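Q: Each chain, letter by letter, is given below.
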Amino acid sequence: MNTQAWIQLVSYVGVLLVLSWPLGKWLVAVADGRFPPWMAPFQSLERGLYRLAGVTPEAGMGWRQYAIALVVFNFLGVLAVYALQRLQGVLPLNPQGMAAVTADSSFNTAVSFVTNTNWQGYGGEGTMSYLTQMLALAVQNFFSAATGIVVVIALVRGFVARSSASIGNFWVDVSRVTAYVLLPLSLVFAVFLVSQGVIQNFSPYKDVTTLEVNAYRQPRNGADGQPQKDANGNPVMEIRQTDKQTLAMGPVASQEAIKMLGTNGGGFFNANSAHPYENPTPLTNFVQMLSIFLIPAALVFMFGRMVGDPRQGWAVLAAMTAIFVVAVVVVTTQEQQGNPVLSALGADQAVSATQPGGNMEGKEARFGVAATSLFAAITTSASCGAVDGMHDSFTPLGGAVPLVLMQLGEVVFGGVGTGLYGMLIFAILAVFIAGLMIGRTPEYLGKKIETYEMKMTSIAILVTPILVLAGAAIAVLADAGKTGIANPGAHGFSEILYAFTSAGNNNGSAFAGLSANSPFYNTMLAIAMWFGRFGVIVPVLAMAGSLAAKKRMAVTSGTLPTHGPLFVSLLIGTVLLVGLLNYVPALALGPVVEHLMLWHPK
Amino acid sequence: MTTAKTFSLFDPVLVKPAIASAFGKLDPRVQWRNPVMFVVYIGSLLTTIVWVQALGAQGEAPPGFILAIALSLWFTVLFANFAEALAEGRSKAQASSLRSMKRKVIAKQLEKPLHGSSWHPQEADELRKGAVVLVEAGDVIPLDGEVIEGVASVDESAITGESAPVIRESGGDFASVTGGTRVLSDWLVVRVGVNPGESFLDRMIAMVEGAKRQKTPNEIALTILLVALTIVFLVVTVTLLPYSIFSVEANKAGTPVSVTALIALLVCLIPTTIGALLSAIGVAGMSRMMGANVIATSGRAVEAAGDVDVLLLDKTGTITLGNRQASAFVPARGVSERTLADAAQFASMADETPEGRSIAVLAKQTFDLRERDLSSHKTTFVAFTAQTRMSGVDIEGDDGTVRALRKGAGDAIRKHVEALGGSFPVDVQNSTDDIARKGSTPLVVCDGSWVLGVVELKDIVKGGLKERFPELRRMGIKTVMITGDNRLTAAAIAAEAGVDDFLAEATPEAKLQMIRDYQADGRLVAMTGDGTNDAPALAQADVAVAMNTGTQAAKEAGNMVDLDSNPTKLLEIVETGKQLLMTRGSLTTFSIANDVSKYFAIIPAMFVTTYPELGALNVMRLATPSSAILSAVIFNAIVIVFLIPLALTGVRYRAIGAAALLRRNVLIYGVGGLIVPFIGIKVLDLLLVALHIV
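Quick mapping for you: the protein sequence lines, in order, are chains A and B. Under this note's numbering, the letters of the first sequence match residues 1 to 602, in that order. Under this note's numbering, the letters of the second sequence match residues 1 to 694, in that order.
Hints are not guaranteed to be accurate.
Here are the simulated DSS-like cross-link-like pairs (lysine-lysine), alpha carbons at most 25 angstroms apart as the crow flies [claimed, not checked]: (1) LYS112(B) to LYS602(A); (2) LYS462(B) to LYS569(B); (3) LYS108(B) to LYS129(B); (4) LYS458(B) to LYS438(B); (5) LYS16(B) to LYS92(B); (6) LYS229(A) to LYS252(B); (7) LYS364(B) to LYS378(B); (8) LYS229(A) to LYS455(A); (9) LYS92(B) to LYS458(B); (10) LYS108(B) to LYS92(B); (11) LYS129(B) to LYS112(B); (12) LYS104(B) to LYS551(A); (13) LYS455(A) to LYS215(B); (14) LYS378(B) to LYS466(B); (15) LYS482(A) to LYS466(B).
Covered stretches of chain B (in silico footprint by chain A; criterion: 3 or more residues with CB under 8 angstroms from a CB of chain A, positions within the stretch not fixed) [unchecked claim]: (16) 73 to 83; (17) 242 to 250; (18) 534 to 542; (19) 649 to 662.
Bear in mind the hints are in silico, worked out from the structure with no lab data behind them. Nothing here was measured: the structure is a model prediction, and the numbers come from that model. C-beta atoms are modelled at their ideal positions from N, C-alpha and C, and glycine is treated no differently.
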C-alpha cells in the first residue's frame with residue numbers, strides 16, 4: 001500500500017468515527033423513544049398515524065409477536081415489489097415504455113430488495129420504469145434497512161432488560177427508525193449528491209451522437225439469452241461499432257442516498273456507483289463510502305450507550321475495524337501489485353510518479369486502484385453491495401477479500417443492524433467458550449448464556465454457510481447452473497461461489513461474469529436471500545426475547561471482561577475461525593488456486 | 001471415603017475393564033447419545049464398507065490406504081469410549097466401596113415406637129418409611145432415619161472416613177443417623193426416614209456410578225454448539241464432492257475426491273477431541289468432588305459451584321475456632337495482674353469448658369502459675385447455672401474463712417457483688433465495655449464482693465484462613481460472615497478475619513432474606529449449614545453444602561453433603577466447579593483450533609491431482625497425499641488418548657483474576673491448539689514414511 005492509500009484509509013476511519021458518534025446518541029433517543037422537546041409536532045403526527053393504523057404504541061411485544069409482525073411486514077413488501085414490476089407496463093412514470101419484468105426476475109428482485117440484499121439480476125436502466133425504481137425499490141431500501149435496525153435494537157433491549165416479557169413494539173420501532181433516522185439522513189445526502197452532479201429528473205432517455213465511432217467487443221448471446229461458448233468454454237465475442245449513445249435519465253439522487261445509507265447497494269443503473277450519474281466525483285465517491293458505514297458504526301455506539309457501558313461498544317468497534325483495516329490492506333496490495341498476465345502483454349503496471357500502477361482492469365479511471373480497493377472492502381464488509389469497480393476483474397486474492405468479508409457473515413460493520421447483531425452472535429459464541437475457560441458458566445453483559453441461547457446462536461451461524469455451500473454445490477452440478485458461467489476453470493467456480501455468498505449473506509454485489517438472470521439462478525438465489533435474511537433474524541429475535549426475560553447478573557472481578565484488548569482479539573479469533581473455517585475448501589478451489597495458477601504456474 | 005483409594009491415572013485395575021468396556025460401547029444405541037462421536041462411528045462403518053468394496057477391485061483408492069483410514073477412525077471411536085469408561089471406572093471403584101456397606105442387614109423392627117417394646121427381625125429391604133427399629137451395640141443401622149429415643153456412640157467411618165465415633169441422640173441437631181453405619185455402644189430407637197433404595201447411600205452410589213448421570217445445563221449448551229459445528233462441517237465435506245467434480249471437469253485433470261478422503265476430512269474437522277472427552281470430563285468432575293469427600297446430589301450443583309460469587313460462612317467453626325480463648329488479664333485499679341491471674345486460674349480450676357481451660361493455660365503461660373493441688377484445701381466447686389450465670393470455687397482457708405472466687409459476665413458479677421454489699425468499680429466497667437467493643441467476651445472475676453478485674457476471651461481466627469479471603473476476592477467471590485453475635489463483636493471479627501461483609505444477630509429469617517437479596521441482585525450464593533434451622537436458607541442457596549454431622553432436614557435441603565463436615569470445604573468445592581468448566585472450555589478451544597492445521601494437511605492432498613499448484617499449501621511438506629491424510633486422521637485419534645489425563649484431572653484453577661486466567665488458557669489451548677497439530681502431523685508423517693506404511 002502506498003502513502004496515498006494509507007492517507008485515504010486513515011482519513012476515512014477518522015471521519016467515520018467523528019460522524020457516527022453523534023448519530024449513535026441520536027439512535028439511542030430513537031430506540032428509547034425519548035425525544036427532545038422540539039420533536040413534539042412530529043410526535044403528535046406519529047401518534048395520529050398509530051391511531052389510524054390501530055397500533056397501541058405503548059403495548060410491548062413478546063419476541064414471537066415481534067417476529068411475526070416483522071416477517072408479515074416484509075412478506076407484504078415482496079408482494080408489492082413483485083406486483084409493481086409485473087404491472088409497470090400499464091402504470092405511469094414510464095417514459096421509456098418498459099415492459100413487465102419476467103416472473104422469475106420479478107420474484108428474485110422482490111426478495112432481493114426486501115431482504116436488503118439488492119442483488120440485481122437485471123440492468124436497472126434497461127428494465128425498470130421510474131415508478132418501479134421509486135415506489136418498489138427505493139421504498140424497500142428504506143424498509144429493509146429499518147427492519148435490520150429494529151432487530152438489533154430489539155436484541156440490545158434484550159441485554160438491557162431485567163426479567164421483561166417485551167422487546168419493544170415493531171410498528172413503533174420501524175416507523176421511528178424510518179421517519180427519524182433514514183428519511184432525514186437521505187434527504188441531506190441526496191441534496192449533496194445533486195450538488196455534485198447526480199441527476200434527479202423524470203425525463204426520457206437522451207440519444208447523443210458521439211464524437212468518434214466506437215468499436216467494442218461484447219459476448220454474443222445465444223437464442224436463450226445465455227452467452228455462447230467456444231469449444232474451450234470461453235465466451236464467443238463479437239465486435240460492434242457505434243456512434244450513438246443513449247444516456248439513461250431518472251430520479252437517481254433520491255435513490256442513491258438510501259442505497260448507500262441503508263447498505264442496500266442496488267444501483268439505479270447497471271454500472272452502479274461506477275456510473276458517472278450515480279457517483280460523479282472523487283468527493284461523492286468518498287462520501288458514498290462514508291455513508292455505507294455511517295449507520296452500522298453509529299449502531300455500535302448506540303449499543304454501548306444502551307447497555308450502559310460505552311466500552312462494550314468500543315470493543316466491538318475495535319474488532320470490526322481491525323478486520324476491516326487488514327482487509328483493505330490485502331485488497332489494495334493485491335490490486336497495486338498488478339497482474340502478471342497483463343505485464344506479459346506489455347501493460348505498464350509499475351507504480352511511478354506519474355501513475356499509481358496496479359491492476360486497472362475493471363476499474364474507473366476517475367477513482368483508480370486505491371479508492372476502488374477501499375470501496376470494494378467497504379461495500380462487502382457492510383452488506384451494501386454497491387460497487388464502483390468490477391470485482392470480477394480483481395486479482396484472485398484481491399477478489400477473494402470481498403468474498404471472505406461476506407463469508408464472515410457480514411459482521412465487519414455489516415449491513416445496518418445486521419452487522420451488529422451478527423457480531424453480537426459471534427460475541428456470544430466467544431464468551432461462551434472463553435467464559436468456560438475461566439471456570440464460569442458464560443455470561444455476556446450480565447446475561448447468562450444458556451442452552452436456549454446456544455440453540456439460537458447455532459441456528460444463526462449455521463443457516464448462511466449451509467445456504468451458500470449447498471447452493472453452490474447444486475449450481476455446479478446442474479446444467480442450468482453451469483451455462484451461466486462466463487469464464488471456464490477455477491474462476492468460473494469463484495463466480496458461482498461469489499453469487500451464493502453474496503445472496504446468502506444479503507450483500508448483493510456480484511462477480512458479474514456470471515449471467516444470473518435465468519430462472520435457475522433467480523429462484524436459487526431468491527431462496528438463499530430469503531432464508532439468509534429471516535433464517536437469522538428469527539433466531540436473533542428469539543434470543544432477544546429469552547435474554548430480556550433473564551435477570552441481569554452483577555459484574556464482579558470474576559466476570560469475564562468483555563471490553564479489553566484480550567476480548568477484542570478473542571472476538572476476532574472467533575469470527576475468523578467459526579466464520580471462515582467452513583469456506584476454506586471452497587476458497588481453495590476458487591480464488592486460492594486461481595492465485596497460485598496466476599503467480600506460480602506449474 | 002475410607003476406601004477412597006487414590007488410583008494412578010492409568011492404574012491397570014481400571015484400565016483393563018475400561019478397554020473391555022470401550023468395545024462394549026460400540027453399540028449404536030450407546031453411540032447415538034454422543035452426536036459428534038456418532039458421526040465418527042458412521043464414518044468408520046462407511047470406510048469399512050468402502051474397503052470391502054475395494055478388496056473386490058472396485059475401489060476408489062488402494063485397499064491398504066482405505067483400511068488404514070478405517071482403522072484410524074475405529075480407534076478414534078474406541079479411544080473416546082475408553083476415556084468415558086475410564087472415568088466411569090474410577091467412579092465405580094469409589095462407589096463399590098460404598099456398596100460394600102450395603103450388605104444385607106436384619107433390622108429389629110419394634111411393634112411400638114418406644115424402647116422396650118417387643119421387636120421382630122425384618123430384612124432392611126422390607127422396611128418402609130415410618131417404621132421404627134431398635135439398634136443396639138454392634139448392630140448396623142438399616143436405613144437413614146431419626147433417633148426418637150436413646151443415646152449411643154456410632155461409628156460413621158464408613159461414610160465419613162473419620163475414625164472417632166460420634167454421639168447420636170434424640171432431639172436436637174444430632175438426631176440423624178445414616179444407614180450403613182454401626183452403633184458401638186448403648187442403643188437407639190430410630191424412625192426410618194426413607195424407603196429402601198432412596199437412602200443417602202443409594203443416592204450417593206447412583207450419582208457416583210453415573211448410572212443416573214444426566215447432562216448438566218452447560219454440558220447441553222456445549223453439546224448444541226458441538227452439534228452445530230458438526231452439521232456445518234458435514235455440509236462442508238458433502239458439498240466438496242460436487243465442487244471437486246466441477247473442478248475436475250473445468251481443469252480437465254485429476255480425479256474427483258474419494259469418499260474415504262472426504263470422511264477423513266469430516267472426522268478431522270468436527271470437534272472430536274472435546275466430543276470424545278466431554279462425558280469423561282463430567283464424570284471426572286463428580287469424581288473429584290468425591291475425592292474431596294463431598295457428595296454432590298446433582299451435576300448441576302457442581303457446575304453452579306464454579307459460578308458462585310457470594311460465600312456465606314458461619315463465624316463459629318468456619319472462620320473462628322469453635323471456642324473463645326483467654327487472651328489477656330485486665331486488673332481493676334489497685335490489683336496486680338498476677339493477683340487477677342491467680343484468682344482467675346483458681347476460679348477456673350474445675351471448669352472443664354475450653355474457655356475455662358484456656359484461662360488456666362494463659363495464667364500458666366504469662367505468670368508461670370502452676371495449677372494448685374486442691375486437695376490440701378477444702379474446696380467446693382460452684383457450677384455454672386442459668387440463674388446465677390457465674391461459676392467458681394469456694395475455698396475454706398485454714399482459719400475457717402471462705403474465699404468465694406467467682407467469674408462471669410459483667411452484669412452477673414455486678415448483681416453478685418452488690419448483693420454482698422460491695423460495689424462494681426467504674427474502671428472495671430470501662431474495661432468490660434472496651435473488650436466487648438473489640439469483639440471479645442469479657443469475664444469479670446471477683447473475690448467475695450471485691451472485683452479483681454476482667455479476663456478477655458477472644459475469638460481466634462483459624463490459621464491460614466486470612467490468606468484465602470484475598471484469593472477469593474481475586475476470584476470475584478464476596479465473603480460474608482454470618483454470626484449470632486451483636487454488630488460490634490461481628491464487625492471486629494470480620495475486620496480481623498478480612499471478610500468482605502457480615503451479618504450480625506443472624507436469625508434463620510435474616511439469612512434467608514439475605515440470600516434472596518443477593519440473588520435478586522444477580523449473584524449466585526453458596527453456603528454451608530448443619531442445623532434444621534439452616535434448611536430454608538440451604539434450600540434457597542444456589543450451592544448449599546450440608547455437613548454430614550447435620551440433621552436430615554439440612555441434608556435434604558442442600559445439594560451437596562460434606563462428609564468431613566468441614567465448612568472451609570466450600571472453597572475447594574468452588575475450585576472444583578471452576579476446574580470442570582475450564583476443562584470443557586479449554587478442550588473445546590483446542591479442538592476447534594486444531595482444524596487449521598488439518599486443512600493444511602488434507603486440502604492439498606485431496607486436490608493435488610486436479611490442481612498441482614495447490615501443493616504450495618502443503619506447508620508441512622508431507623510426503624504423499626495418502627500419508628498426509630492418514631497422519632491427520634491418526635493425529636486426531638491419538639490426541640484423544642493424550643488428553644485423557646487432562647480430562648480426568650482437570651485444568652488447574654489459578655486465582656489470578658479472570659483476564660489473566662483467560663489469557664493464559666487462550667495461549668495454552670488456543671494458540672497451542674493451532675501449533676501442536678502441525679508438529680504432530682509432521683512427526684506422524686515422518687514415522688509413516690519411515691515404517692513404509694504409505
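Q: Please go over all the hints and tell whether each is borne out by the structure.
A: These are the hints, each one checked on the structure:
Distance hint between LYS112(B) and LYS602(A) is unfulfilled; the C-alpha atoms sit about 98 angstroms from each other, more than 25 angstroms. Annotation: proposed proximity of LYS462(B) to LYS569(B) holds, straight-line Cα distance about 14 angstroms (limit 25 angstroms). Between LYS108(B) and LYS129(B) the CA atoms are separated by roughly 15 angstroms; this keeps the pair inside 25 angstroms, and the hint holds. Taking the CA atoms of LYS458(B) and LYS438(B), the gap is about 9 angstroms. The hint holds against a cut of 25 angstroms.
Pair hint LYS16(B) plus LYS92(B) holds up; C-alpha atoms about 14 angstroms apart against a cutoff of 25 angstroms. Distance restraint check for LYS229(A) and LYS252(B): the Cα-Cα separation of roughly 17 angstroms lies within the 25 angstroms cut-off, and the hinted pair is therefore satisfied. Between LYS364(B) and LYS378(B) the alpha-carbon distance is near 23 angstroms, which keeps this suggested pair within the 25 angstroms criterion. As the CA atoms of LYS229(A) and LYS455(A) are separated by approximately 47 angstroms, the hinted pair breaks the 25 angstroms bound.
Between the alpha carbons of LYS92(B) and LYS458(B) the distance comes to roughly 47 angstroms, so the proposed pair goes past 25 angstroms and is violated. In summary, the hint linking LYS108(B) to LYS92(B) is not supported, as the alpha carbons are separated by about 31 angstroms, beyond the 25 angstroms threshold. Our distance criterion of 25 angstroms between C-alpha atoms is met by LYS129(B) and LYS112(B), whose separation comes to about 15 angstroms. Under the criterion of a C-alpha separation no larger than 25 angstroms, the hint pairing LYS104(B) with LYS551(A) is inconsistent with the structure, at around 50 angstroms.
Only pairs whose Cα atoms come within 25 angstroms are accepted, and LYS455(A) paired with LYS215(B) is accepted, the gap being roughly 16 angstroms. Distance restraint check for LYS378(B) and LYS466(B): the Cα-Cα separation of roughly 47 angstroms exceeds the 25 angstroms cut-off, and the hinted pair is therefore not satisfied. Between LYS482(A) and LYS466(B) the alpha-carbon distance is near 74 angstroms, which puts this suggested pair outside the 25 angstroms criterion. With a threshold of 8 angstroms between beta carbons, the proposed coverage of the region 73 to 83 of chain B by chain A is violated, since 0 of its residues qualify and at least three are required.
With 7 residues having a Cβ less than 8 angstroms from any Cβ of chain A, the region 242 to 250 of chain B passes the three-residue criterion, so the hint holds. Counting residues of the region 534 to 542 of chain B whose beta-carbon sits less than 8 angstroms from any beta-carbon of chain A gives 0, not enough to reach three: the coverage restraint is violated. With 6 residues bearing a CB less than 8 angstroms from a CB of chain A, the region 649 to 662 of chain B meets the requirement of three and the coverage assertion stands.
Violated hints for the displayed structure, listed by number in ascending order: 1, 8, 9, 10, 12, 14, 15, 16, 18.
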